[in-house]
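Novice: Given only the sequences and the hints, what does the whole structure look like? Please build it.
Residue numbers (the working numbering), protein chains in the order written: chain A, 1 to 296; chain B, 1001 to 1329; chain C, 2001 to 2256.
Keep in mind that the hints were calculated from the coordinates and are not lab data. Using N, Cα and C, we set each Cβ at its ideal position, and we do this for glycine too. Treat the hints loosely; a few may be bogus.
To be verified - Label pairs and their in silico Cβ distance ranges:
# : chain 1 : residue 1 : chain 2 : residue 2 : range
1 : A       : A159      : B       : A1180     : 56 to 62 Å
2 : A       : G120      : B       : A1316     : 43 to 49 Å
3 : C       : P2111     : B       : P1150     : 33 to 39 Å
4 : B       : R1312     : C       : S2057     : 47 to 53 Å
5 : B       : L1097     : A       : G264      : 24 to 30 Å
6 : B       : R1312     : C       : G2016     : 47 to 53 Å
7 : B       : R1319     : C       : D2131     : 25 to 31 Å
Unchecked claim - Derived DSBU-like pairs: lysine-lysine, alpha-carbon spacing no greater than 30 Å straight-line:
#  : chain 1 : residue 1 : chain 2 : residue 2
8  : C       : K2172     : B       : K1211
9  : C       : K2092     : B       : K1211
10 : C       : K2087     : C       : K2172
11 : C       : K2092     : C       : K2172
Unchecked claim - Residues from chain B that face chain C, not an exhaustive set, calculated with beta carbons under 7 Å:
#  : residue
12 : Q1026
13 : A1180
14 : N1183
15 : L1184
16 : I1189
17 : E1198
18 : D1199
19 : E1200
20 : A1205
21 : V1208
22 : G1305
23 : Q1309
24 : A1311
25 : A1313
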Amino acid sequence: MPDLLSVLVQQSLNGIVLGCLYVLVALGLTLIYGVMNQINFAHADFVTLGAFAAYFFTQWLGGGYVLSIGVAFMAGAVLGVLVNAAIFAPLRERGDELRPLVATIGVSVLLENGALAAFGPIPYEFHTPYANETIRFGKIYFTEQHLLIVVVAAAAIGALYAFMRFTFVGKALRAVAQDRETAGLMGINQNQLIMLTIVIASAFAGMAGAMLGPVLVLTPFAGATVIVKSFAIVIIGGFGNMEGTILAGLLVGLIEAYTTQFLGPGVIDLVVFALLLVMLAFRPTGLIAEKREENV
Amino acid sequence: MSERGRRWLGIAAAVAVIALLPVIAQGSAYWHGIMIICALNVLLAISLNLVIGYTGQLNLGQSAFYGIGAYVTTVLVQTLKWNFWLAMAAGALAAGLVGIVLAVFAFRLRGHYLAIASLAFAVITYQILINWVSVTKGPLGIYGIAPPPPIALGPVTIAFTSPANLFYLVAGIGLVVYVALGNLISSPIGETLRAIREDEVSAAALGVNGKLWKVFAFALGSAISGLAGAFYPGFVGTLVPDAFFIIESFTLLAMVIVGGMGTMIGPVIGAVLLTVLPELLRGIGDLRLLVYGLALTLVVLFMPGGIVQAARAIWARVRPARAAPGTAS
Amino acid sequence: MTALLRCAGLHKSFGGVRAVQDISLEVAAGAVQAVIGPNGAGKSTLLNLLSGVYPPSAGRIEFEGRDLAGLPAHRRARLGIARTFQKIRLFKQLTLLENVLAGFHIHHRIPWWQYPFPAGSARADRARCHDEAHRLLAFVGLADRTDTRAGSLAYGQQRMLEIARALATAPKLFMLDEPAAGLNSAEVEFLLGRLNELRGRGLTLVVVEHNMDLVMSVADRVFVMDHGEFLFEGPPAEVQRHPGVIAAYLGAEALA
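Specialist: Here you go:
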């Protein structure tokens, strides 16, 4: 296989793997925005804490790696419940749509520096048995870890998609996202649904953390590197738009892979955020969504 | 005492405090340093409050303007051998111009979207500072930065190599900016900005050009932050991009909100408190950011008007006959 | 009688929905023009087009003979067009006085350097605006509570405050979007008195309303819309008798 082609294929694979993880994180953000019209700024810190939960489960408790993904899933869910109870639920009555965002900024800073105090600044080496086994096709290779990420992520995203399309609760969620007032009138219990939304979103974040841990550098600030990129994905895909977010997440993953290959890793953030600003300037509602004129 | 009388008294008190502080901390270069940082934070906080508190635009990217001011000033002085004061003006101007670009985003974007756009601004600025190595020397930073050059006032020469004098300079500038900004806020311009904050559509029906005044607020707020940035490297001696990572934006946000968003004195209180408190409580110096995060969260949840709101509530309890019901800020 | 405001062939569509279709209207200077119609008739949309909240899909609007095309809302306010909104849009965190003061935005005369460092003319301007604001608040019956937060007012009082604030711009044309909505009968009486007073001072009014008593008492002419289209225009007495108007309002009930 000619060199350039194999490089392109390799980076495409890398991009898809990275993209799957980004989609897991971004889906949570877009779900929360779609149903609750809010942003949880601490979302990416749930990713970090999920990673740490998985790490300690495997290193201290000697648990299996695949099981640790489930542990991280649970950890994320618990964090989601706590943040909802402490911040989103109490502030929902007030109607001020930006206070929860600012509150979650505080939570994010709190979690990051709390983790720093607890775990220290030195990166943790998160080894998994799967990272060592590589599969090769000529010049192209990937590890079993990569395969695991894609499989788990695809399964989770597929399950969520099916849940939203085909189950009653899933449809109720979409109803609330479309028109909160009417959904309320139809007897759908909003508070429970909102709790469910945050739990799913945060659980996905935690799960992404468990799979990101071995791939990225595991420090208390791992989440910070992901958060703004996740916003970029959600904006490009369209806030509240599931299909758009999936596409955008894969797109950003691919962009990151190609940029690393051809321009160097230092400029990745620059490229992604420049793209974000371009989107915000011309199509803030995302690639797929439509415009709505303000009702006066 | 009349309103004007009270204001002059306030200014006199501030001048007295500023004059005395270095004397009180005599001999401690450490505390002099803290006071300078405090003065810089006050400048940053009141400029951020102009945009967030008075104009109602959620700007999470103030660290970018601080950084632009710092780098433009330093590079002009060190590499192009500009006069410091001209470079300082250029730094503030550069920051103001970039602020105008962000303001253009604010024309169409509201709330969450603007917050994200401003965050992207901050990250992109940081990335440019790190990657444009030929100009900014990248992550290693610029070394050996001198403080502002001495000023000759007749027979006396004031040198800014002493931290006390540098503090007087920055605090003096801060006081002038505070008074000017306060007057601006009390003037019809302040009314216009608050109208935009409250309801842009009906403000337009009253003749308010929302776009123009957003540009004004962002330009001025960014320029003041850039001005503060001009003094920061001279004080520290070195300049690295990490000083302007997005966490700085959140720190400033915490100062504004904890102190009292949408008031003039609130950001000052917040900046002083959040700069000085961690130093006073020895041992938590490293956990400074943890305290900021906790304070921000708690204040937003339980006392969104910050310390100013708490103080007013206490004042109303203590002197119920004087307080008017439902008084606005 | 010169037309102060004239619009011809106004169209406005939102996506696929045609909110306003081929509306032409003339308002004479000094007149009180009412705009009525069942819900969804497009009355508020018409006001929004006239005041510049959004541009028409087609058609022409002239004020004092001048074409308003492309002129944003704040520029139209400067020309002398003021309005209130159907959904109350007050500055809730500001005091009553501060709300009205915001209306003087167009009329300040202060040298630029006096904004950060006020001197004589800034203070004179401030005193002038405060006096005028108090007068306006007294006009709408809110003289005694000028330092309370606008958000804490009762609904009817909030409507009156909106009127005072709009009047601060010293308009030539004042458009009110359902000013009587949610008011009790005493408040409607008071509103009627104020509108008559304004008319007596020569102000041109356009009033979108559902309250027929109010319309009949104050309007010189009535413009009726239904489903975004023109239905009828004439003096109040004729409108009441017009079978098309009656049918539009009673609609399904009459046919059932």
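Novice: Take the hints in turn and mark each one as holding or not.
Specialist: Hint-by-hint comparison with the structure:
In this structure the hint that A159(A) and A1180(B) lie 56 to 62 Å apart at CB holds, the actual value being about 59 Å. A beta carbon spacing of about 46 Å between G120(A) and A1316(B) agrees with the range 43 to 49 Å that was offered as a hint. For P2111(C) paired with P1150(B), a C-beta distance near 36 Å keeps the hint of 33 to 39 Å intact. The hinted window of 47 to 53 Å between R1312(B) and S2057(C) holds, with their beta carbons roughly 50 Å apart.
For the pair L1097(B) and G264(A), the supplied restraint of 24 to 30 Å holds, since their beta-carbon distance comes to about 29 Å. At about 52 Å, the CB distance of R1312(B) to G2016(C) agrees with the hint of 47 to 53 Å. Taking 25 to 31 Å as the suggested C-beta distance range, the pair R1319(B) and D2131(C) conforms, at roughly 30 Å. Proposed proximity of K2172(C) and K1211(B) is supported: the alpha carbons are some 25 Å apart, at most 30 Å.
About 21 Å separates the Cα atoms of K2092(C) and K1211(B), which keeps this hinted pair within 30 Å; it holds. Taken as a hint, the K2087(C) and K2172(C) pair is honoured in the structure, with Cα atoms around 23 Å apart against an allowance of 30 Å. A threshold of 30 Å between alpha carbons decides the hint, and for K2092(C) with K2172(C) the separation of about 26 Å falls inside it, so the pair holds. The beta carbon of Q1026(B) comes no nearer than 34 Å to any beta carbon in chain C, farther than 7 Å, and the hint placing it at the interface is violated.
The restraint placing A1180(B) at the interface with chain C holds, with a minimum CB-CB distance near 4 Å, inside the 7 Å limit. Because the closest C-beta pair between N1183(B) and chain C is about 5 Å apart, less than 7 Å, the hint holds. Checking L1184(B) against chain C: minimum C-beta separation of about 5 Å stays under 7 Å; hint holds. About 5 Å separates the beta-carbon of I1189(B) from the nearest beta-carbon of chain C, less than 7 Å, and the hint is met.
The restraint placing E1198(B) at the interface with chain C holds, with a minimum CB-CB distance near 4 Å, inside the 7 Å limit. About 5 Å separates the beta-carbon of D1199(B) from the nearest beta-carbon of chain C, less than 7 Å, and the hint is met. With a cut of 7 Å, the hint placing E1200(B) at the interface with chain C is violated, because the nearest CB-to-CB distance is about 9 Å. At its closest, the beta carbon of A1205(B) sits 5 Å from a beta carbon of chain C; the interface hint therefore holds under the 7 Å criterion.
About 6 Å separates the beta-carbon of V1208(B) from the nearest beta-carbon of chain C, less than 7 Å, and the hint is met. Taken as an interface hint, G1305(B) does not check out: its beta carbon lies about 10 Å from the nearest beta carbon of chain C, beyond 7 Å. Given hint, Q1309(B) at the interface with chain C, is violated; its Cβ is 12 Å from that chain's nearest Cβ, farther than 7 Å. Look at A1311(B): its Cβ only gets to about 18 Å from chain C, farther than 7 Å, so that hint breaks.
Of the supplied interface hints, the one on A1313(B) is violated, with its beta-carbon coming no nearer than about 15 Å to a beta-carbon of chain C, more than 7 Å.
The structure fails to meet hints 12, 19, 22, 23, 24, 25 from the earlier list, while all remaining hints are met.
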